[in-house]
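Enquirer: The primary structure of each chain is shown beneath.
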Amino acid sequence: MSTKTIKNYLNCETGIMSWLTTLDHKRIGVMYLLFIAISFGLGGFFALALRMELLTPTQLYLTAKQYNQAFTLHGAVMVFLFIIPSIPAALGNFVLPLQLGAKDVAFPRLNLASFYVYVLGAAFAIFSLFNGAVDTGWTFYTPYSTQSDTSVISMTLAAFILGFSSILTGVNFIATIHKMRAPGMTWFRMPLFVWALYATAIIQILATPVVGITLLLLIFESTFGVGIFDPALGGDPILFQHFFWFYSHPAVYIMVLPAMGVMSELVTTFCKKNIFGYKLIAYSSLAIAIISFLVWGHHLFLSGQSSYANMIFSLLTFLVGIPSGIKVFNWVTTMYKGTIDLKTPFLYFLSFLFLFCIGGFTGMFLGALSVDVHLHDTYFVVAHFHYTMMGGVVMAFLGGLHYWWPKMFGKMYSEKWGRIAAAFVFVGFNWVFFTQFILGTKGMPRRYYNYLDQFQPLHAFSTMGTFVLGTGFIIMAVYLIHSLFKGEKAPANPWGGLTLEWVADTPPDHHNFHETPTVTTGPYDYEKAGY
Amino acid sequence: MNEINNSLMNTGTLWLPEAISDIAGSVDSLFYFIFWISVLTFIGIMGVSLYFLVKYRASNNKPKEKHITHNTLIEVVWTVVPTILCMVIFYWGFTDYMRLKTAPGDAIQIRVTGEKWLWNFDYANGTNTVGELAVPVDTPVQLIMSAKDVLHSFFIPNLRVKRDLIPNRYTTIWFEANKTGSFQIFCTEYCGDGHSNMLANLHVMPMDKYQDWLASGGGSNKDMPLAELGAKLYKQMGCNACHTLDGSKSVGPSWLGVYNSHRQLTSGKTVTANDNYIRQAIVDPGSDVVAGYPPVMPTYAGKLSDRDINAIIEFIKAQK
Chain P
2 MSTKTIKNYL
12 NCETGIMSWL
22 TTLDHKRIGV
32 MYLLFIAISF
42 GLGGFFALAL
52 RMELLTPTQL
62 YLTAKQYNQA
72 FTLHGAVMVF
82 LFIIPSIPAA
92 LGNFVLPLQL
102 GAKDVAFPRL
112 NLASFYVYVL
122 GAAFAIFSLF
132 NGAVDTGWTF
142 YTPYSTQSDT
152 SVISMTLAAF
162 ILGFSSILTG
172 VNFIATIHKM
182 RAPGMTWFRM
192 PLFVWALYAT
202 AIIQILATPV
212 VGITLLLLIF
222 ESTFGVGIFD
232 PALGGDPILF
242 QHFFWFYSHP
252 AVYIMVLPAM
262 GVMSELVTTF
272 CKKNIFGYKL
282 IAYSSLAIAI
292 ISFLVWGHHL
302 FLSGQSSYAN
312 MIFSLLTFLV
322 GIPSGIKVFN
332 WVTTMYKGTI
342 DLKTPFLYFL
352 SFLFLFCIGG
362 FTGMFLGALS
372 VDVHLHDTYF
382 VVAHFHYTMM
392 GGVVMAFLGG
402 LHYWWPKMFG
412 KMYSEKWGRI
422 AAAFVFVGFN
432 WVFFTQFILG
442 TKGMPRRYYN
452 YLDQFQPLHA
462 FSTMGTFVLG
472 TGFIIMAVYL
482 IHSLFKGEKA
492 PANPWGGLTL
502 EWVADTPPDH
512 HNFHETPTVT
522 TGPYDYEKAG
532 Y
Chain U
345 MNEINNSLMN
355 TGTLWLPEAI
365 SDIAGSVDSL
375 FYFIFWISVL
385 TFIGIMGVSL
395 YFLVKYRASN
405 NKPKEKHITH
415 NTLIEVVWTV
425 VPTILCMVIF
435 YWGFTDYMRL
445 KTAPGDAIQI
455 RVTGEKWLWN
465 FDYANGTNTV
475 GELAVPVDTP
485 VQLIMSAKDV
495 LHSFFIPNLR
505 VKRDLIPNRY
515 TTIWFEANKT
525 GSFQIFCTEY
535 CGDGHSNMLA
545 NLHVMPMDKY
555 QDWLASGGGS
565 NKDMPLAELG
575 AKLYKQMGCN
585 ACHTLDGSKS
595 VGPSWLGVYN
605 SHRQLTSGKT
615 VTANDNYIRQ
625 AIVDPGSDVV
635 AGYPPVMPTY
645 AGKLSDRDIN
655 AIIEFIKAQK
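For the protein sequence lines, the chains are P and U, in the order given. The working numbering puts the first residue of the first sequence at 2, with every later residue one more than the last. The working numbering puts the first residue of the second sequence at 345, with every later residue one more than the last.
Just so you know, the hints here were simulated from the structure itself, not pulled from any lab data. Built from N, CA and C at the ideal position, the CB exists for glycine as well. Among the hints, erroneous ones may be present.
[Claimed, not checked] Taking beta-carbon pairs under 7 Å as the criterion, some of the chain P residues facing chain U (in silico):
#1 Y145
#2 V172
#3 A176
#4 G278
#5 S304
#6 I323
#7 I327
#8 F330
#9 C358
#10 H375
#11 T442
#12 Y450
#13 A461
#14 M465
The whole structure should be built from the sequences, with the hints applied where relevant.
Expert: Structural data, given as structure tokens:
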């Protein structure tokens, strides 16, 4: 009984209000996690709906408009409500102060505010679902979006509000990383997940305002009829694309950088090795953050942008791939002479490695100007960004979730079912999306409700894979929820990690640490730890 | 959907449809260059990872060694080598792109207008067609393109050309097809409910046949029975983007059983969908819209001859 009386952040206060008004970064992280899981379910539902429709070349059960709404909502929900906040806001909120040896983030009230801003944005998005769901694609390209009779305004307003949540979290993290590090934790003794969140926060703060003002201009145009983007009113539709991608391409790295941070944590802990090339990984995060601002034009290769602009953007696109490649080499080399333990989180590390490499290589096809002309706006692009976003970010998110789950809730999940679900997700994902590379190179355009009969075998094959993928996620949901109630009690450090979150209790105390930890070495000194 | 064109899935290589121009062949070479570099590097990375996974499993007893934390030489190598390879790919892609962009001065020019949800083609001699683009083989052809309403994109997979169409602005593509036959054209910029039905056909013909085709005003349909011509026009003119034949509701009313039925209009009036009403609906679609449908249909006045309109009416009649 005595163990049960130990207070931790979950049971130190009780009642729904203690959660809704909490300033504890850990509780805020858990609330984000709940909302993000719901959003992922919603986005997944739309994905399933549209993949089912694509079983046949003509109408199966959705009208063209419903299909267009389904793919728009799938994209918008997954991007704005799930992927962007997934790792930084949910896992980052929970882990960052712990890894720094801090009591909380720098501005706990701001942290809670950014959560409620996220909820408000989500509410607008959900409202727009029931009020003539948007059919513009998640990119809201003009002039289609200003002419559409669907609820473009409430959906763009949702994205605008969600952007503020992202900015506030970014500000908070930067201040926290600068000012709240434990004694002895120099910049180069920070865990790489912290470096990744730092680089992410820079992009969040600098890029998000641009999409904010763009969406506001869009609302302004459709409300007051002021010509900004609509050529019928004397505006320029290409300007919208520039503005939109000036944010949305860096946003890709808002998603990927934290994922790479998680990868560095997983590979060191499960190989019991110091990371290979710590500084190169840290610097490459910053390099990605900087170059990512200068590649947005590769979304406009065919839009009437000048050839010389295309040339520069193509060159920079290849350059932004290099730091990602360096990280991959470093992770693989970290395994060299390690003590490798194939636990569930590490299986997601390996999935990421496999899938993200394919995502990266297919990015080279799209970066090469002449080849992009053929592949642009085909299923090749769809497959490419699912390999980076889902094969990359979602795998890292799942890896991080399984890695920190015991710390978050004090319970162990079933390792056996964890591995089974990981296998289902890996096989199902490749089944669905590798197929789409071939569809794309053969010329199948994206966002097509009907398609030529000759594409049916591959489309149907791809759709079948979604059941395997979906089964993986259902298994995962079951054993994770089951673990909360029936799971074995987790030890403080189930994986033998060396970063500071593993020093804290499991689940952590309300104030994280009983005494402020002092740091004397780098974060992954497994040699000293006896490995 | 129509399958008269050269198949994309069953021609060419495993990855790419048949290429029907010299530049398309060059694009394919770069595609396969990147492909093989990727495959080899990928196998390398995965092979090494697998080797480490097996060799350094926790269960394998191994001597304690000093941990390697970095190696400047190897890190420089794996930064510099991929950079060089990327620069090669970049340069190759850019030079081919400039070839794809720069039309020869003597290219035949054809105007293309994209609108929801059909393709208009205007030739210098006054011939205009919808959904059917004819070009001579082994001759450079330049398309000067613009959109009427929203963004569209013109894509011919077999020629590896694609370009967005923008309202109030011209964009161009050019190609020199080296094989005769019929090939698929797609719209690849999302443009609404009929986007996936915004298709067209490219017909590459010998020069003399092309001249005949042009002189006859875009191919003669004089010998075709009316209902058969109507069926052809149904697809070619993009009617199928909005009107189904199976009774299901799309952007516009289905044609199944519509002939001589009584229709309630948005104005509250009721009409009989007879020959006169259908003709009016084709040439002046905004005038008497059926209740429950948006007034979005473009006018076909000037795009269809009287015989074409008769053919479509006959085709609608046949949908019982």
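Enquirer: Next step is simple, just say for each hint if it's right about the structure.
Expert: Consistency of the hints with the structure:
no.: 1; hint: Y145; in the structure: holds, 4 Å
no.: 2; hint: V172; in the structure: violated, 32 Å
no.: 3; hint: A176; in the structure: violated, 30 Å
no.: 4; hint: G278; in the structure: holds, 5 Å
no.: 5; hint: S304; in the structure: holds, 5 Å
no.: 6; hint: I323; in the structure: holds, 6 Å
no.: 7; hint: I327; in the structure: holds, 6 Å
no.: 8; hint: F330; in the structure: holds, 5 Å
no.: 9; hint: C358; in the structure: holds, 6 Å
no.: 10; hint: H375; in the structure: holds, 4 Å
no.: 11; hint: T442; in the structure: holds, 5 Å
no.: 12; hint: Y450; in the structure: holds, 5 Å
no.: 13; hint: A461; in the structure: violated, 13 Å
no.: 14; hint: M465; in the structure: violated, 18 Å
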